[in-house]
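Participant: Chain Y is already provided as a structure; the job is to place chain R on it using the hints.
Chains Y and R supply the protein sequences, listed in that same order. Numbering of the first sequence is given in our numbering, commencing with residue 2 and proceeding in unit increments. Numbering of the second sequence is given in our numbering, commencing with residue 2 and proceeding in unit increments.
In this list, chains with the same sequence are indistinguishable; a pair is considered to hold if it fits within one copy or across any two.
BS3-like, lysine-lysine: derived pairs with alpha carbons at most 25 Å apart:
hint : residue 1 : residue 2
1    : Lys253    : Lys291
2    : Lys291    : Lys244
3    : Lys76     : Lys244
4    : Lys88     : Lys76
Keep in mind the hints are simulated off the structure, nothing from the lab. If you're wondering where the values come from, they're calculated on a predicted model, not measured in any experiment.
There are 2 protein chains.
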Amino acid sequence: MPESIPPDSVGLVEPRCARFDTALTLECGRSLPSYELVYEAYGRLNADRSNAILICHALSGTHHAAGYNSPSDRKPGWWEVCIGPGKPINTNRFFVVCCNNLGGCHGSTGPTSINPATGEPYGADFPIVTVQDWVHSQARLADHLGIDRWAAVAGGSLGAMQALQWAIDYPQRLRHAVVIAAAPRLSAQNIAFNEVARQAIRSDPEFHSGRYQRHQVVPRRGLMLARMLGHITYLSDQAMRAKFGRDLRRGKDDFDFHYEVEFEVESYLRYQGESFVNRFDANTYMHMTKALD
Amino acid sequence: MPESIPPDSVGLVEPRCARFDTALTLECGRSLPSYELVYEAYGRLNADRSNAILICHALSGTHHAAGYNSPSDRKPGWWEVCIGPGKPINTNRFFVVCCNNLGGCHGSTGPTSINPATGEPYGADFPIVTVQDWVHSQARLADHLGIDRWAAVAGGSLGAMQALQWAIDYPQRLRHAVVIAAAPRLSAQNIAFNEVARQAIRSDPEFHSGRYQRHQVVPRRGLMLARMLGHITYLSDQAMRAKFGRDLRRGKDDFDFHYEVEFEVESYLRYQGESFVNRFDANTYMHMTKALD
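In isolation and in its complexed conformation, chain Y is listed as follows:
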């Protein structure tokens, strides 16, 4: 956390956990007997419960959308730029809720959670979840919070797909859908990238068919490759050209003719890949890309 909290931040926030003990039937036909959703909330719910905004996260997002979880946090939540007092999603006016999605790896029930049927982590046995499943689980969270109708459901990318699905499944339960950088469905090229990412994870010998927790290992290399590939798609060709061009790695002025980092863009991708594996679960990555498809 910065030495003093900026006045336009929601400040210190604590995640909360909602437990649901009624089975949730998923689109794939299987059901979860019970589940938990971890969420954060910023601002105050007004008396008629009409000022609540649901924020839906994307592929690698979490429930921690704004503020700081501890005084030692160096970084705020992922959408700090948009959520806070006086910010576009103004917490002086709105009660803002963001939950970690089912299948996630940041507290909500997912592949790393214990499967009550076996006493072991779900791992590869966690059912494949869809955007619709997320929206249904979020509707129960709305019930839990006493919110009949969201002032808005908002998100970007995979988060925006949830906002779209909310408008389809519960049109009477939201006033606005804020859909940013999304499409109703992926193109063949998008699916192709996700498939290569999943194959990278699955082909890592430490993946163990998704049961790597049992082996006390993590498919680091596969998840790193998947993330590197993802990062190519997060920047347009033009943006990547502007950001990196053909610049050599800092401190270099000529080629070294080896397979270590020669170009700045290589350095960037390796950093993104390596830092991701410390904060994300490979099975969850499989689930998130599959939901996108």
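Facilitator: Okay, now just chain R, sitting in the frame of chain Y:
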């Protein structure tokens, strides 16, 4: 081979091998004490040796550009559509030469060849070669064939980069450079794709730092991932949409909610990846992408 050779095919052809015993100094500073280039030739060299065309191959290409190497071949060379009697590169008029590049895995000296200094395959010790190195080695092949000046040097993609480099390094030794689908240098995005492909190969535990021949294994999974990724970039977003769209795999009419092939585009990529590993060497793939960079 088809039951009867089509009249516009060069027909049965045999690869030849040229050996060079004068050391070749490479751009990286190292040198090859000797090397061999495997090549094919179609048509007849005329009396004044002025009708020779050099075809340069791309990333995964070989010296086998046209015709059939044996009566049991089911497929002709990679540029059969362009090279042959009466075809755009008309073998009734031109003497057409195509060689496997240095660092290749189809007969020319490369990572799978024996390093005379150690008696073992070069593997990871094969020096990094560049487009310029290829052009210099091809100039010696021209000398060997008694060709002072090519009527044209032609290629697509990485092959076209060689045609460009010929025009820079030996402008007096070619009349035309036929440059197809190429750029003088790769963009940041191109480099990024190649880097992820190389990381996929290097992170395969069977890569053994490029010394997999010694371990009698092949980094199949890494090379497969690299090729799948390559195939995403060989089709534009639009072409992939037209070819596959969101079609499910043949014989399927709904999602199965698993990680096996759901979409036709996934099936295509896996097929391309799997068939490639049977005909290509991982170290050569590293070299080819590095030369592109």
